[in-house]
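Undergrad: Model the full structure from these sequences, guided by the hints.
2 protein chains.
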Amino acid sequence: MTVANAIFWTAPLTALIAIFAAIYFALWVKKQPRGTPKMIEIQDAVKEGSIAFIKRQYSTISIIGLIVAVILWLAIDLTRYGGRPYTFLAFTIGSATSLSAGAIAMLMAAETNARTTEAARRSKHDSLITAFRGGLVMGLIVVAMSLLGISILYVVYSYWRDAPTPSPQDIIGFAFGASFAALFAQLGGGIYTKAADVGADLVGKVEAGIPEDDPRNPAVIADNVGDAVGDCAGRGADLFESITGENIGGMIVGLTFYLALIHMNVPAEIAVNFIIFPLVARGWGLIITLLASFFVKLDENEEDPMRPLRFAYNLNVIGAIVVFAILIYIMLAKPLADSLGISAGIFWGFMFGAAFLGLGLAWIIMIITDYYTNYHYRPVKEVAAASQTGPATNIITGLSVGMESTALPTIMLLIALIGSFIFGEQFGSIYKTKFAGTPLENPLVWGIYATTIATMAMLSVTGMILAMDGYGPIADQAGGVAEMANVGEDIRKTMEALDAVGNTTKALAKGYGMTSAGLAALLLFQAYLEDLYREAEKLGLASWYAPDGHIKVDITRPEVLMGALVGALLPFIFTSMSLGAVGRAAKGMVEEVRRQFREIPGILEGTEKPDYGQCVDVSTRAALKEMVVPSLLVTITPVLVGIIFGAVAVASFIIGATFSGIMLGFTLNNSGAAWDNAKKLIEAGAYGGKGSEAHKAAVVGDTVGDPAKDTSGPSIHVLVKLINTVALVFIPVFIWFDAHFHISDFFKWLGL
Amino acid sequence: MTVANAIFWTAPLTALIAIFAAIYFALWVKKQPRGTPKMIEIQDAVKEGSIAFIKRQYSTISIIGLIVAVILWLAIDLTRYGGRPYTFLAFTIGSATSLSAGAIAMLMAAETNARTTEAARRSKHDSLITAFRGGLVMGLIVVAMSLLGISILYVVYSYWRDAPTPSPQDIIGFAFGASFAALFAQLGGGIYTKAADVGADLVGKVEAGIPEDDPRNPAVIADNVGDAVGDCAGRGADLFESITGENIGGMIVGLTFYLALIHMNVPAEIAVNFIIFPLVARGWGLIITLLASFFVKLDENEEDPMRPLRFAYNLNVIGAIVVFAILIYIMLAKPLADSLGISAGIFWGFMFGAAFLGLGLAWIIMIITDYYTNYHYRPVKEVAAASQTGPATNIITGLSVGMESTALPTIMLLIALIGSFIFGEQFGSIYKTKFAGTPLENPLVWGIYATTIATMAMLSVTGMILAMDGYGPIADQAGGVAEMANVGEDIRKTMEALDAVGNTTKALAKGYGMTSAGLAALLLFQAYLEDLYREAEKLGLASWYAPDGHIKVDITRPEVLMGALVGALLPFIFTSMSLGAVGRAAKGMVEEVRRQFREIPGILEGTEKPDYGQCVDVSTRAALKEMVVPSLLVTITPVLVGIIFGAVAVASFIIGATFSGIMLGFTLNNSGAAWDNAKKLIEAGAYGGKGSEAHKAAVVGDTVGDPAKDTSGPSIHVLVKLINTVALVFIPVFIWFDAHFHISDFFKWLGL
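Protein sequences appear in the order of chains A and B.
Residue 54 in our numbering sits at position 54 of the first sequence; the count goes up by one each step and never skips.
Residue 138 in our numbering sits at position 138 of the second sequence; the count goes up by one each step and never skips.
Everything labelled a hint here was simulated from the structure, so no lab data went into it.
It cannot be assumed that every hint is accurate.
A pair holds if it fits inside one copy or across any two, identical chains being indistinguishable in the list.
[Claimed, not checked] List of simulated lysine-lysine pairs, DSBU-like, C-alpha gap at most 30 Å:
1. K38 to K55
2. K30 to K680
3. K47 to K625
4. K30 to K696
5. K47 to K297
6. K205 to K297
7. K696 to K31
8. K381 to K205
9. K55 to K31
10. K696 to K205
11. K381 to K625
TA: Structure, rendered in structure tokens:
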């Protein structure tokens, strides 16, 4: 059995290199000075709070996760693998890896924050580099751990299971585990951070009139802890899940090609490339990210600290294009040409075209997101202008901008998908006769493979996105440290500039996160269809699902249509729950802060210290309480749809939820960012500046936007992938119910 | 050719009866006293403003409509009917009928408002009856004109065209015309009313601190005009479209049965019942509404004026159940049993079960909507409570409640659809062999017919819904007249109570509107599939769309998948535009009102009269300017999808837009109503009452909710039906492009 070849081993190898580099950067950060005793004190408080939350959160997740793992063993491993705990273990390892990556990201942020402030004493450059390297550790670790985990599991399981062919579908539990942990981490962290943030702002900024991050605000430490547990751990888990889902989904789609090529007597070492391509591409993409990261340098005269980050990102995109050009040639085009006599040039041309479209999407999505969330452009300016007529028009305009912002990313996604599909389909049409008698004679199959390549390409710059995204909360916390530790005006100014960039990178990462989540979900949807077919084939039911060899998800069938309806509903219910959770949690925080101001009168004069711990506790308890039900709902719904409406309805359910989720996710993320930056625009002096009526209105918008962009929106990224991995894992259960139960049985039972 | 039988003629007959009844009620209203000279003056001002707006709005719609009609003649009539202007005329008549119904509804409201106030001098009962009869005129006229228009066109076209079989698809232009006019009417009216309302509230209530409907507010007349043109003309057009689409869609679906039964030698007078059933059912449903309306009586000691309306509604539902029980038996079950030897009881049982589910849905949707929008229940109470911590938490909680409110209606819709489908499918399975060799041997077809019956049943109470809905703006205007004409405290109190009920009925009508729009859209989707198949069959392309005789909308095909993605996007873009339009228009109104207060200082002291006309003009210009682009976008998108992605992708586009629209529509409608009533709850004394901080926060929520519930939400009802009727009309164009152009041609052209 050939499950891997020489080039495969570069995947775990590059992952190890990235991990070593991450350790190097982490040690480098650790070596930087931590600043004044006051700064050290604040940093320790944030670190303590973060660790305390993560510990409690992870215990809760572990308990629920263990229950799910046992259910998986009973439902899947017993029926599909005769009790060998493939899914159980993969799920457990996936959750644990995802959570560890999140924890490392968060701890790194906590280590980096004060050091970033301190570095600002030396220069803007040093400060930027410190924060960026803190973020880079997260970027490298997240991608590398996913890659390493998948590579090891894939090889180990292949030999352990000893199936006649590679079986990437056996490790889908890893992706499910990652998704499952990610939803809890993102939602819990998101509720935590926004309860603290909204609570701190509403009472501190609006009612008491003290500035942001003022140490007199009892919720200030909770707010900074929130940045770490929400933005770092949350987004880390989110993108860990994206790349994990994309990798395993890509491998499952590749299996179809492997089987067909083997059937055509192509040597296994060549055929297996279609399975391992996603891993190798991810590995070399990571190396490019690492190299590009060295180009982040800030000239002291540079006005815009975003420029070096953007430069590194563009370098990374270009480097990734080169990687794909090379890998497509040496792993796919050349070997296929050698063994089947097709033209390597034609294959390369079409597939590289697909990769190019994917990377083009990664690049243009940043520009679109920037347009909608940066205050230099029309949308945010409109929101700011609407603030002059009060909070209501600010909210209406912000919602309008957020909904408008769904259009361009969707159209670009559509162009990338349809474009890459047509590339692949054209290749398939040209060589239709070559592949006669195999599934590959259908050009559709090649079209789908091309969209898979586009997805891989789009996701190959994830490391850099994460580094930029991780930079955001670090700069935010560093600004908080500067404010609280009273470090002097110019350092505060520097930190403000760096923090503003952090807001931009966070917004961009969300645009990338939502788009890539959509792509990953569609790839997993494809994997679902192919795995469903193969599983049904094993049980002799393939012709039932696919009379002509291809599963049709026909929405004129009512149960399929209803699957899509339930899917479209899910993101709305979930968002209702997550918004409601933040509302409730923030209310608790507001009451706590008000109580402290009332009962400890010395706080506002600065003579008494507020009880920070109590606020941390309020956020923690609220987050843990509120994260469970929505997360379980998302996990259980696909299973219920599959049991009630059948395996094919799950496919339309996935699409319904993905599309509805994409629209809602973009709306929430971009409305939130537009409100945030409209406020910043006014604070920079527009429409009367700070303290004006317009500013008060903009603060309301910002507060509404907080849970939208930091809790509900990002959680939807996770949702659309989680439902896919759940569906993939539960395929055997769906097939069993489809085979053993039909609604007409119920009528027969009724005697009708 | 048999296109009709004796029972058919009861449809136009009942429509005529309803029209006469409407005239009777209108004359009755006209006979009521108009009140004091001051009241007459206000009434005239509102009437004048309404007529002025309607005139300008209708001219704009007419010009655009004429262009569309000419395009239809070129694109459809020339190719499909050899130049005979079937579609051109049907479209024109449909638009004109829809607009006339809207205008009558609006004029009736303008006639009724002051008379309702005046009647309150006599008794609460008289006042309620006056307003309700004003609304009833709208309910009867809208339903009757739709029914009469369809009946006449159907018969006239059948003889004019002289086709061998009845051809209800020829009159689909009528539904398209109605949809087209409805979108303009709803959107334009919605922008008008909310620009005026938001503008009046923001400056008058919030900034100047004067009460609602105070005559010192320059926007007060525009606000009252808005109630007429937005709520009356808008909702009238919306539901005119729903029932028109449902009727014609139901006839097209019925054609399949007609053809199959003729093939089985069933006499044409019996077979045609499947086509004309929707019309006859609608006619007798209208008679039931008329009868039930006589039971609206308000006891002077009755605390809750909602009770008599709810009683009449429940009576109507029960009456409709009886109508369906009888009509299903005499039109379908008995004749089928007589001619084919099937069991009339079994047929009746299953189909009546479907009708029962549809009416159950109509009934339960009111209870659910009431739960989410009435301040006696948890959701609104939560929003009100959240106002204590400021406008931001009020907005967050309101959004959360709105999104939550999507769940129960969707689940009920799902149960009704799946339930009725299963009923039909069971019937089909039992008599599978009976129908062997015809399309009816597939139980799926019977399942779909049963969902059609459920839809008809659900929509059979539309007249009563419209009467209750029309009552709302009349009571609202009557309250305005009471306020402005200074009629004394107890009359104002009575009007406040009646106005509160109006808010409830308006919210309920929207819940019903969205649900019925979803059902009508799904029915039209079915009609689209069947008409596409028949048209393709005529051109010899049927096997291409449906290799096994049944069109599959397979979302694993990328172009079909992308159709759904574009569909999911459309309601978001449209909502962005409509919200933005209200934001811009309201800004203009705010500036105008502020200007008047500034430049005419005597206004606030009550010594000088504000310039009402200027505000009416601001709203009018804004509405006309802003309604065009979004409406055209919705009309053009399905055509573009069909041309680029093909006819089958249009089907998935429809589903994507319908499902995304249902979610967004419920969210916008119910968030808006919850914000509105949270404010009312606080005004009734909760959380500090009027003038408290909580109240200020609730006013912000109410203002955000205004465009959500009165502009964007209701426009989505229209949107989901419009895209269907556009698609149905443009089928020949889609087929032409599918047959003559494929993307691979483009590659060939490039030389690839």
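Undergrad: Is the C-alpha distance from K696 to K31 at most 30 Å within one copy, between copies, in both cases, or in neither?
TA: Neither: 42 Å inside a copy, 52 Å across copies.
Undergrad: One pair to classify: K47 and K297, alpha carbons no more than 30 Å apart. Within, between, both, or neither?
TA: Within one copy only: 28 Å inside, 69 Å across.
Undergrad: At most 30 Å between CA atoms: does that hold for K205 and K297 within a copy, between copies, both, or neither?
TA: neither (35 Å within a copy, 54 Å between copies)
Undergrad: State whether the alpha carbon distance between K47 and K625 is at most 30 Å within one copy, between copies, both, or neither.
TA: Within one copy, since 22 Å is at most 30 Å while 56 Å is not.
Undergrad: Within a copy, between copies, both or neither: where do K381 and K205 come within 30 Å Cα-Cα?
TA: Close inside one copy (23 Å) and across copies (27 Å); limit 30 Å.
Undergrad: Cα distance capped at 30 Å. Does K38 pair with K55 within a copy, between copies, both, or neither?
TA: within (26 Å within a copy, 71 Å between copies)
Undergrad: Using 30 Å as the alpha carbon limit, work out where K30 and K680 are close: within a copy, between copies, both or neither.
TA: neither (32 Å within a copy, 57 Å between copies)
Undergrad: How do K30 and K696 come out at 30 Å by Cα distance, when the copy is not named: within, between, both, or neither?
TA: Close neither inside one copy (40 Å) nor across copies (50 Å); limit 30 Å.
Undergrad: Tell me, please, which holds for K696 and K205 at an alpha-carbon limit of 30 Å: within, between, both or neither?
TA: The answer is both: 10 Å in one copy and 18 Å across copies each meet 30 Å.
Undergrad: When no copy is named, should K381 and K625 be tagged within, between, both, or neither for a Cα gap of at most 30 Å?
TA: between (38 Å within a copy, 22 Å between copies)
Undergrad: Under a CA distance limit of 30 Å, which applies to K55 and K31: within one copy, between copies, both, or neither?
TA: within (26 Å within a copy, 76 Å between copies)
Checked against the numbered hints listed earlier, the structure breaks hints 2, 4, 6, 7; every other hint is satisfied.
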